[in-house]
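Participant: So the protein sequences, as listed, match chains D and L. Using the numbering used here, the letters of the first sequence correspond one by one to residues 13 to 426. Using the numbering used here, the letters of the second sequence correspond one by one to residues 17 to 240.
These aren't lab readings, by the way, just hints derived from the structure by calculation. Take the hints with a grain of salt, since some may be wrong.
Each computed DSBU-like pair below joins lysine-lysine, with the alpha-carbon atoms no more than 35 Å apart [claimed, not checked]: (1) Lys20(D) - Lys241(D); (2) Lys57(L) - Lys316(D); (3) Lys104(L) - Lys268(D); (4) Lys178(D) - Lys62(L); (5) Lys358(D) - Lys323(D); (6) Lys57(L) - Lys33(D); (7) Lys273(D) - Lys323(D); (8) Lys358(D) - Lys399(D); (9) Lys273(D) - Lys57(L); (10) Lys55(D) - Lys95(D); (11) Lys358(D) - Lys62(L); (12) Lys76(D) - Lys55(D); (13) Lys128(D) - Lys95(D); (14) Lys20(D) - Lys221(D); (15) Lys66(L) - Lys241(D); (16) Lys66(L) - Lys221(D); (17) Lys268(D) - Lys66(L); (18) Lys323(D) - Lys57(L); (19) Lys33(D) - Lys159(D); (20) Lys62(L) - Lys323(D); (21) Lys33(D) - Lys128(D); (22) Lys241(D) - Lys104(L); (23) Lys62(L) - Lys399(D); (24) Lys268(D) - Lys358(D); (25) Lys104(L) - Lys273(D).
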Amino acid sequence: MVMLSALKRFEINDDNGRREKLFDLGVVLLDSDYPPVNYLFYKSGANFLRLSWDAVQSIDWKNKQIKVSDLTRAEEVSTEPSKNYVLLGREILDALLLDLQNRRAVRANDLQLEEKDGRWELRAVDTGLNAILRRISFGLYNYVGEKGLYDWKYVEFLRGNPQAVKNGAGYHLRITRMSAGEIAQISSFVPYLHAAELLTLLPDPQAAKVLELMPGERQLQVFEELEEKQAVSLLGMMALDAAADLIGRLQTDSMKRLLEKLPRAQSQRIVELLRYPEDTVGGMMTNDIVYFAADSTVAEARDKFRERFRKTDFVYLIYIVGDEENRTLRGMISVRNLLIAEDNQKLEEIMDPYVAALNTTDEVVEAAYRVVGSQLAAMPVVGLNNKLLGAVTIDAAITEITQTANSENLRIFS
Amino acid sequence: MNDQPNPTGLEAIDSVTTELPPISRTLPAGMRVNIRGRSIKLRGLKRQPKGLWRWLLILGPGLIATSAGNDAGGIATYSSAGAQFGYKLIWVMLVLTVSFAVVQEMCARLGAATGRGLLDLIRERFGVGWTLFVVCIVIIANGGVTLSEFVGIGAASELFGVSRYIYRPNRRGSALVSGNLRLLREGRENFSIDDACLFRLSNRGFYGSFRLERGRRRRVRSDD
Numbered sequence: 013m014v015m016l017s018a019l020k021r022f023e024i025n026d027d028n029g030r031r032e033k034l035f036d037l038g039v040v041l042l043d044s045d046y047p048p049v050n051y052l053f054y055k056s057g058a059n060f061l062r063l064s065w066d067a068v069q070s071i072d073w074k075n076k077q078i079k080v081s082d083l084t085r086a087e088e089v090s091t092e093p094s095k096n097y098v099l100l101g102r103e104i105l106d107a108l109l110l111d112l113q114n115r116r117a118v119r120a121n122d123l124q125l126e127e128k129d130g131r132w133e134l135r136a137v138d139t140g141l142n143a144i145l146r147r148i149s150f151g152l153y154n155y156v157g158e159k160g161l162y163d164w165k166y167v168e169f170l171r172g173n174p175q176a177v178k179n180g181a182g183y184h185l186r187i188t189r190m191s192a193g194e195i196a197q198i199s200s201f202v203p204y205l206h207a208a209e210l211l212t213l214l215p216d217p218q219a220a221k222v223l224e225l226m227p228g229e230r231q232l233q234v235f236e237e238l239e240e241k242q243a244v245s246l247l248g249m250m251a252l253d254a255a256a257d258l259i260g261r262l263q264t265d266s267m268k269r270l271l272e273k274l275p276r277a278q279s280q281r282i283v284e285l286l287r288y289p290e291d292t293v294g295g296m297m298t299n300d301i302v303y304f305a306a307d308s309t310v311a312e313a314r315d316k317f318r319e320r321f322r323k324t325d326f327v328y329l330i331y332i333v334g335d336e337e338n339r340t341l342r343g344m345i346s347v348r349n350l351l352i353a354e355d356n357q358k359l360e361e362i363m364d365p366y367v368a369a370l371n372t373t374d375e376v377v378e379a380a381y382r383v384v385g386s387q388l389a390a391m392p393v394v395g396l397n398n399k400l401l402g403a404v405t406i407d408a409a410i411t412e413i414t415q416t417a418n419s420e421n422l423r424i425f426s
Numbered sequence: 017m018n019d020q021p022n023p024t025g026l027e028a029i030d031s032v033t034t035e036l037p038p039i040s041r042t043l044p045a046g047m048r049v050n051i052r053g054r055s056i057k058l059r060g061l062k063r064q065p066k067g068l069w070r071w072l073l074i075l076g077p078g079l080i081a082t083s084a085g086n087d088a089g090g091i092a093t094y095s096s097a098g099a100q101f102g103y104k105l106i107w108v109m110l111v112l113t114v115s116f117a118v119v120q121e122m123c124a125r126l127g128a129a130t131g132r133g134l135l136d137l138i139r140e141r142f143g144v145g146w147t148l149f150v151v152c153i154v155i156i157a158n159g160g161v162t163l164s165e166f167v168g169i170g171a172a173s174e175l176f177g178v179s180r181y182i183y184r185p186n187r188r189g190s191a192l193v194s195g196n197l198r199l200l201r202e203g204r205e206n207f208s209i210d211d212a213c214l215f216r217l218s219n220r221g222f223y224g225s226f227r228l229e230r231g232r233r234r235r236v237r238s239d240d
């Protein structure tokens, strides 16, 4: 086991007595869970030189020397970051890492390597204070504590560049195994460029869910760093109310451009939501709900069921309307009741006709308390002539109440 | 057998409606936007502030930073320098203003562009050694500022007939209380390392000044 801070004091020498100070080590991150060292780097005058690990003959630990066959076999390379390998000292040391086991962001104070089959492997990252002391003590302090060491296998290295994925940089991608909520939470611990990079690592459906769950301000910061193609794709996968909230915060030009690039039906429904002020029920509701005509039979409803559920975000309650064109709200039915009902029954026979509803211009906090108090998954929203326009879901209501409660706390204490 | 009479005064089930009486509200004017050739009035947009309000929002953080700069230590220093040298040193203010503007704008731009603080950036670019060096410089500089603060606070308190020996520890005490309140309010999770260091320094400063004052009082008593 050896620390990178100790290796930085090693020299490279060859059979002809040439000596150079080791500058850095290069690894190919995706080679394995514990990537082996592939290259040694050193500087000679103004030149930056790379030597393959295969040239290493032996390591003299006592005299801190790496013996290689011939230093002249080294090739000159650019000092710019390469997409084929990563420099441990220059790129990973002091960088921000995601500790996936503990769901937090840490800084790499030192790196631990281990020798396996005659080759060093990157095994762990040291985030403790001991690592800093080792680095600034010029070799006088060498204690390695277990506490700050994290297994490299469960660490995601971020570069702070949302374009890195596109440029071919390698990632573990273990982050994709976490839930969207956890990824959204962990992304709030890192600067917004890192958070945007994190989003580009994920498959689009997961990234859309993560984006939905981010707090509004962070959502906007991250969204503006994405490429337009990905931004449109994620918007298309987000719940309509979340997408409308996000689009409503963009600059008018960006908003128009994105709405024109989204599929027409989706764009129209987002525009419908944007017609209402943000502090009204209309601004909080979703219009992505399932409704059926009251005179339909259960069998007919079940036939349309699959297609409508596939396209809709909120599917836990089904609203019953007079007819699908005028959408006059008549009642409500749960998915469970629809599934257990007889085929020939009409929906109006099995629906619950006593449905409390909200109005589009109702005040948002009061409405949120009503939704929570109703103990329903959502409350319908109606407009003129009792026309069904959408629903306020319980999660939207709780988010609204939580935000209000937090802002009141801040006012009390500050 | 249930002989309860039929309830009266209730609506017949057929006339039950889900519609609630709408509350009359004045809605914001909204913005008319042309999307796919269709002109639509949107009220759900967060519009960028315009006119005077926009300028006040831009000026706000700068005004706060400037006001924070005109602290007790600063006022004491300016007034004593003015009393001693008159306007002879006014040219220094011009140089200082330019250098302050350059440094503050540079830091603000770095922060806005990268989302990271100056220390984070120094560490990522130049390593932990330079970062520690900068931290030391900041501690020394802020130590000097803190000293000048207490000199200014002491001088100001004496203008009002309050002994500096009473005022200084109380000032520290209030910092301690506000720090504790913040710790309670935001919890340990949200209390960053920077906050913790400042809080600890604040506590240390309080106990340090308390011990200093107590030592002085003892000396005064022994002199008596």
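Participant: Run every hint past the structure and note whether it holds.
Facilitator: Hint-by-hint comparison with the structure:
no.: 1; hint: Lys20(D) - Lys241(D); verdict: violated (43 Å)
no.: 2; hint: Lys57(L) - Lys316(D); verdict: holds (34 Å)
no.: 3; hint: Lys104(L) - Lys268(D); verdict: violated (58 Å)
no.: 4; hint: Lys178(D) - Lys62(L); verdict: holds (32 Å)
no.: 5; hint: Lys358(D) - Lys323(D); verdict: holds (24 Å)
no.: 6; hint: Lys57(L) - Lys33(D); verdict: violated (68 Å)
no.: 7; hint: Lys273(D) - Lys323(D); verdict: holds (19 Å)
no.: 8; hint: Lys358(D) - Lys399(D); verdict: holds (21 Å)
no.: 9; hint: Lys273(D) - Lys57(L); verdict: holds (19 Å)
no.: 10; hint: Lys55(D) - Lys95(D); verdict: holds (20 Å)
no.: 11; hint: Lys358(D) - Lys62(L); verdict: violated (45 Å)
no.: 12; hint: Lys76(D) - Lys55(D); verdict: holds (18 Å)
no.: 13; hint: Lys128(D) - Lys95(D); verdict: holds (25 Å)
no.: 14; hint: Lys20(D) - Lys221(D); verdict: violated (43 Å)
no.: 15; hint: Lys66(L) - Lys241(D); verdict: holds (31 Å)
no.: 16; hint: Lys66(L) - Lys221(D); verdict: holds (34 Å)
no.: 17; hint: Lys268(D) - Lys66(L); verdict: holds (20 Å)
no.: 18; hint: Lys323(D) - Lys57(L); verdict: holds (27 Å)
no.: 19; hint: Lys33(D) - Lys159(D); verdict: holds (31 Å)
no.: 20; hint: Lys62(L) - Lys323(D); verdict: holds (28 Å)
no.: 21; hint: Lys33(D) - Lys128(D); verdict: holds (23 Å)
no.: 22; hint: Lys241(D) - Lys104(L); verdict: violated (61 Å)
no.: 23; hint: Lys62(L) - Lys399(D); verdict: holds (27 Å)
no.: 24; hint: Lys268(D) - Lys358(D); verdict: violated (43 Å)
no.: 25; hint: Lys104(L) - Lys273(D); verdict: violated (64 Å)
Of the hints listed earlier, those the structure fails to meet are numbers 1, 3, 6, 11, 14, 22, 24, 25, in rising order.
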